[in-house]
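Protein chains: 2
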Amino acid sequence: MPLADYFPIWDKLTPAQQNKMARSVCQKSFQKNTMIHNDSMDCMGLLLVSTGQLRAYILSDEGREITIYRLFDMDICLFSASCIMHSIQFAITIEAEKDSNVLVIPPEVYHQIMEESAPLANYTNEIMASRFSDVMWLIEQIMWKSFDKRLAAFLLEETALEETNSLKITHEIIGNHLGTAREVVTRMLRYFQNEGMVKLSRGSIEVTNINKLKKLHNP
Amino acid sequence: MPLADYFPIWDKLTPAQQNKMARSVCQKSFQKNTMIHNDSMDCMGLLLVSTGQLRAYILSDEGREITIYRLFDMDICLFSASCIMHSIQFAITIEAEKDSNVLVIPPEVYHQIMEESAPLANYTNEIMASRFSDVMWLIEQIMWKSFDKRLAAFLLEETALEETNSLKITHEIIGNHLGTAREVVTRMLRYFQNEGMVKLSRGSIEVTNINKLKKLHNP
Numbered sequence: 025m026p027l028a029d030y031f032p033i034w035d036k037l038t039p040a041q042q043n044k045m046a047r048s049v050c051q052k053s054f055q056k057n058t059m060i061h062n063d064s065m066d067c068m069g070l071l072l073v074s075t076g077q078l079r080a081y082i083l084s085d086e087g088r089e090i091t092i093y094r095l096f097d098m099d100i101c102l103f104s105a106s107c108i109m110h111s112i113q114f115a116i117t118i119e120a121e122k123d124s125n126v127l128v129i130p131p132e133v134y135h136q137i138m139e140e141s142a143p144l145a146n147y148t149n150e151i152m153a154s155r156f157s158d159v160m161w162l163i164e165q166i167m168w169k170s171f172d173k174r175l176a177a178f179l180l181e182e183t184a185l186e187e188t189n190s191l192k193i194t195h196e197i198i199g200n201h202l203g204t205a206r207e208v209v210t211r212m213l214r215y216f217q218n219e220g221m222v223k224l225s226r227g228s229i230e231v232t233n234i235n236k237l238k239k240l241h242n243p
Numbered sequence: 025m026p027l028a029d030y031f032p033i034w035d036k037l038t039p040a041q042q043n044k045m046a047r048s049v050c051q052k053s054f055q056k057n058t059m060i061h062n063d064s065m066d067c068m069g070l071l072l073v074s075t076g077q078l079r080a081y082i083l084s085d086e087g088r089e090i091t092i093y094r095l096f097d098m099d100i101c102l103f104s105a106s107c108i109m110h111s112i113q114f115a116i117t118i119e120a121e122k123d124s125n126v127l128v129i130p131p132e133v134y135h136q137i138m139e140e141s142a143p144l145a146n147y148t149n150e151i152m153a154s155r156f157s158d159v160m161w162l163i164e165q166i167m168w169k170s171f172d173k174r175l176a177a178f179l180l181e182e183t184a185l186e187e188t189n190s191l192k193i194t195h196e197i198i199g200n201h202l203g204t205a206r207e208v209v210t211r212m213l214r215y216f217q218n219e220g221m222v223k224l225s226r227g228s229i230e231v232t233n234i235n236k237l238k239k240l241h242n243p
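Going down the list, the sequences are from chains A and B.
Its first residue numbered 25, the first sequence is counted upward by one per residue in the numbering used here.
Its first residue numbered 25, the second sequence is counted upward by one per residue in the numbering used here.
Bound conformation, chain A alone (with noise of 0.2 Å):
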């Protein structure tokens, strides 16, 4: 995958900039499971995200764990590279969720033209500034968590009711079921799928995990 197609703005990059990119980059491959980054750990760069699945979480002393956000194909993983951003002042673990293939783009080469290029300091401020909403949103989810609940028991009362966990509804509907807007409910829908709970497709919704959805639903 040319690295043209994971950067919006690669063509307003000078030649010289796309050059000392494309020569630094390099290919890295983690199985499942694998631990790519923690605050203990080097500063490996910024990791693009050819095939797999990465995880972001944070760990308490006691090793409870929190997913803040899930990375797929052509995601751009900037908190593997804190050390580009001195103001980056939280320890975040990255890992392989799935076989992955990543490019990596070592920290020093990124920072470099990050500091001479607008368009890339720009574009490196929305990944930032969307990473920032998705935590934000899980902010509101586990201060005010009735909505995850709520939604849940929903599903499993739909299932029983429809006697299948493959259920035909908009999420539209379950909105309005629950008195919440429809992007919320995609939302908290697409969690739950990357969850492993539920499978979507167009048109229905497909409980895959329903001993999970329950233990959610009532913990």
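It cannot be assumed that every hint is accurate.
Which copy is meant is left open, so a pair is good if it fits within one copy or across any two.
Claimed, not checked - Derived DMTMM-like pairs (lysine to aspartate or glutamate); straight-line CA-CA distance at most 20 Å:
#1 122 to 99
#2 52 to 66
#3 238 to 186
#4 52 to 99
#5 173 to 85
#6 122 to 66
#7 239 to 123
#8 52 to 132
#9 52 to 196
#10 36 to 196
#11 192 to 89
#12 36 to 139
No wet-lab data here; the hints were simulated from the structure.
These figures come from a predicted structure and were not determined experimentally.
Chain A is already provided as a structure; the job is to place chain B on it using the hints.
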């Protein structure tokens, strides 16, 4: 207060960029408890705090609040200009917590200069990373919230033991008592100070709102 004092990268802007920003800036005063920004208001622009204190918080549908961070003299408020970055997709509310004077840079002016200036884009990035770090810290506190309660309990116990609200004790010693790094104690004490529960000075901690501390310890 000249703009150069807010932006350490001011000298790296071109004279044209400096002039554009300086010409566009305006001064505003907000009385204590004024709502400055929320999701339904127009994008005001970038706020630079001259004097006073702003509070950024999120709000649940039921009206519950969580303080995300506070802004003091010389701080830059990025999220009052969330229209500058499309990827910021969360609603934050900003209010004046004290009578405040702020400088306002119109969003389109800031956006234009950031688009062409790598130093300004990178500096904006650093501000965002720093706020991101605050929010990650908050998540950890919320999820694994034993420490704020433990610290509140410790301070209450000490005031009872010493029969004074003015404790002569270092953050390091508290850390030793609670099995935590000094930095963590300092950060939490500053949070308590922001919340009006204690007042910090060199070598001492004054408990200023014992009821609030008790409520935190045993809600």
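How the hints compare with the structure:
no., hint, in the structure
1, 122 to 99, "within (15 Å within a copy, 42 Å between copies)"
2, 52 to 66, "within (16 Å within a copy, 46 Å between copies)"
3, 238 to 186, "within (17 Å within a copy, 50 Å between copies)"
4, 52 to 99, "within (15 Å within a copy, 41 Å between copies)"
5, 173 to 85, "between (26 Å within a copy, 16 Å between copies)"
6, 122 to 66, "neither (22 Å within a copy, 43 Å between copies)"
7, 239 to 123, "neither (28 Å within a copy, 48 Å between copies)"
8, 52 to 132, "within (18 Å within a copy, 41 Å between copies)"
9, 52 to 196, "neither (41 Å within a copy, 43 Å between copies)"
10, 36 to 196, "neither (40 Å within a copy, 50 Å between copies)"
11, 192 to 89, "neither (33 Å within a copy, 37 Å between copies)"
12, 36 to 139, "both (14 Å within a copy, 11 Å between copies)"
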